[in-house]
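J.: Sequence:
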Amino acid sequence: NDNDNDNDNDNGSDATKHKKLLLSSPNATHELELDLVPHNNDTRATDVVPMTGPTVNLQDYGEDATQWIEQATGVKSLRLTRIGTEYQRHVTVNEYQNEPLLATASPPVSLANEAPYLLTSTSSLQDLNQRLRARNKDPVDMRRFRPNIVDVGLAPWEDDSLARVRIGTAEFWVWQRCGRCSMTTVNRDTLERSSEPLATLGTFRLRENGQRNFGMHLIPVPGTVGNNSIIQVGDALQILEYDAERQAEWKRLFG
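Every letter in the sequence shown is one number past the one before it in the numbering used here, and letter 87, counting from 1, is 87.
Where hints are given, some of them may not hold.
[What the hints assert, rightly or not] Below 30 Å or equal to it, Euclidean Cα-Cα: the simulated DSSO-like pairs (lysine-lysine) are:
#1 LYS19 <-> LYS76
#2 LYS137 <-> LYS251
#3 LYS20 <-> LYS76
Calculated from the structure, these hints are not laboratory results.
Note that this is a predicted model, so its numbers are computed, not measured.
Construct the entire structure; sequences and hints are all you get.
T.: Listed below in structure tokens is the structure:
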């Protein structure tokens, strides 16, 4: 997974400690109900190595959950874990992008690869699909790239040029380009793999060090995002600042 931005880092607040997690599958003989925030004696701590960054400590839901998941998926040794009170992790700089982290920003991140938020645009996907069709390849949908914020108003690849944006009541630094990995080549419906869309991205989105980019990592601007910040479908993306160097590159390549 090269991004998979689910940033729910809930360590057992009053709002969730009594909630239940219900596991259900047509392949399983029964449903399994678990406490969303389990009691300490129901779980054990386990060290996990994410795709990027150092080892982190998670809570394991135990053998009942493992046996249920094996029955539902047919895959052995899968573990159900959660982010617990001992979890600590911060955004990760991709050394191949040459886009250092702002000195004032080092926000926490869940199990996403590099940052808590990933911004993509429908226009970039449309442009990519036009190029795929021109190469007699099947188009792909946005699920291949697993963003949690999708814009419908930007020009193709214009997100490259952004530096700071406001969405709803929250502001974000548009920080690091997202280099894509082989997870994007897995068909989400059939689980079949191919060389696309990476091969086509490589024809026009290849940067130094082999990075084939689609989307931009966002990090919250300190002091603008809190418990009352809301982002919802239909919110406008307001551009507050451009990155002059990236904007010049975008205009040269796509303007």
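J.: Compare the structure with each hint and give your call.
T.: Here's how the hints hold up against the structure:
1. LYS19 <-> LYS76: Between LYS19 and LYS76 the Cα gap is close to 27 Å, so the pair holds against 30 Å.
2. LYS137 <-> LYS251: The hint holds at about 27 Å.
3. LYS20 <-> LYS76: Given that 30 Å is the threshold and the Cα spacing comes to 24 Å, the pair holds.
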